[in-house]
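K.L.:
Construct all of the structure, not just a fragment, from the sequences and the given hints.
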Amino acid sequence: MKQEQFASDGYVVVPGVLTPAHCARLAASVSVGAGAAGSRSLLAQDWCAALAIELRRDSALAGLIPATHVAVQCNYFEKSASCNWLVPLHQDLSIPVADRVDGAGLRGWSEKEGELFVHAPPEVLGQLIALRLHLDPCGAVDGPLKVVPGSHASGRMAAGAVADRPALAIEADIGDALLMRPLLLHASSKSAGCGRRRVLHVVFGPPALPQGLSWRHAI
34 MKQEQFASDG
44 YVVVPGVLTP
54 AHCARLAASV
64 SVGAGAAGSR
74 SLLAQDWCAA
84 LAIELRRDSA
94 LAGLIPATHV
104 AVQCNYFEKS
114 ASCNWLVPLH
124 QDLSIPVADR
134 VDGAGLRGWS
144 EKEGELFVHA
154 PPEVLGQLIA
164 LRLHLDPCGA
174 VDGPLKVVPG
184 SHASGRMAAG
194 AVADRPALAI
204 EADIGDALLM
214 RPLLLHASSK
224 SAGCGRRRVL
234 HVVFGPPALP
244 QGLSWRHAI
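Here the sequence shown stands for residues 34 to 252, numbered as in the numbering used here.
Honestly, the hints are just simulated from the structure, not real lab data. Don't take each hint at face value.
Stated by the list, open to error - Using 16 Å as the maximum straight-line C-alpha spacing, the simulated EDC-like pairs for lysine to aspartate or glutamate come out as follows:
#1 LYS35 with ASP209
#2 LYS179 with ASP197
#3 LYS145 with ASP132
#4 LYS179 with GLU156
#5 LYS179 with GLU148
#6 LYS35 with ASP125
#7 LYS223 with ASP209
#8 LYS179 with ASP125
#9 LYS179 with ASP91
P.N.:
Shown next as structure tokens:
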């Protein structure tokens, strides 16, 4: 059932992947600069690499993440009363790579937190899976992720095609995992609550990349 929903809707929620105590330990391991909304470079840390391996082997996620996929990135996002932000409707297109390659069609090069990113080739974009692990409860007032179910099936969209569309807010409890295709249109509003909304966003992809590209990290 979960595999069918994931294929058709481009997302699925798997409840209780980790216990609240485990999530508290993970939250204590995260270190970002004061006032920062998050980080994109956690996978190089041992605790994060161990988490990625644990998630890939979790029986509750079996059939959702291919056994051959590797973890290639882990982002940390936090919303609170003192660190609040919104994200408009978009698709996730960039991937972290080891080196710059001058290949046909490779564009969108950028550097974030000392790591190099490029827009993923189309054949890679369709294979990527993002897992958002909730370290706190995320209700309607906490700026939850909003998704447009099934929009991933349209592939990469031109900027003008990503217009306002009805989106579904995804609420979650501590330890719940939201799996999504990065091509799924998604957004989030500012938090109107007084708590914290902390999320670890782990990206899994195929072990090898085309056009001479290679992952910066592959766990």
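K.L.:
None of the hints should be skipped; say for each whether it holds.
P.N.:
Structure-based check of all given hints:
| no. | hint | result |
| --- | --- | --- |
| 1 | LYS35 with ASP209 | holds (14 Å) |
| 2 | LYS179 with ASP197 | holds (12 Å) |
| 3 | LYS145 with ASP132 | holds (14 Å) |
| 4 | LYS179 with GLU156 | violated (25 Å) |
| 5 | LYS179 with GLU148 | violated (27 Å) |
| 6 | LYS35 with ASP125 | violated (22 Å) |
| 7 | LYS223 with ASP209 | violated (21 Å) |
| 8 | LYS179 with ASP125 | holds (14 Å) |
| 9 | LYS179 with ASP91 | violated (25 Å) |
The structure fails hints 4, 5, 6, 7, 9 (numbered hints given earlier, in ascending order).
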